[in-house]
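K.L.:
Sequence:
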Amino acid sequence: METNVSDHDLVEVMKRYFAVKAEVEEVKSRLEVARRESGEEIGVFYNPRTNQNHAADIIRSHALKQEMARLMDRAEAWGRQGLLPDEA
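For the sequence shown, counting from 1, position 46 maps to 46 in my numbering; every step adds exactly one.
There's no promise every hint is true.
Stated by the list, open to error - Derived pair list, reagent style DSS-like, types lysine-lysine, alpha-carbon separation capped at 27 Å:
{"no.": "1", "residue 1": "Lys15", "residue 2": "Lys28"}
{"no.": "2", "residue 1": "Lys65", "residue 2": "Lys21"}
{"no.": "3", "residue 1": "Lys65", "residue 2": "Lys15"}
Please keep in mind that the hints were generated in silico from the structure rather than gathered at the bench.
Based on the sequences and whatever the hints tell you, model everything.
P.N.:
Here you go:
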């Protein structure tokens, strides 16, 4: 099976997407454990302005989710342009 530059680029985008997704899940899991231990409501705990102890992880989680959206947009753009190989 031959691959072209576009195929390679798509594979790289999707590899990054799944790596970011795994990181989001790890951060989300860590935050949720901390939230449950604190007993705080979701809206209070996940506010980085009021939760200085976990603000970095909360902000990181948001940034990672935005990166996932951008990566998926790129992959979808390739599909709309007909650059993706036909499904067998």
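K.L.:
Each hint needs a verdict: does it hold in this structure or not?
P.N.:
Checked hints:
| no. | hint | result |
| --- | --- | --- |
| 1 | Lys15 / Lys28 | 20 Å, holds |
| 2 | Lys65 / Lys21 | 8 Å, holds |
| 3 | Lys65 / Lys15 | 15 Å, holds |
Figure legend: structure checked against the earlier numbered hints; every hint is met.
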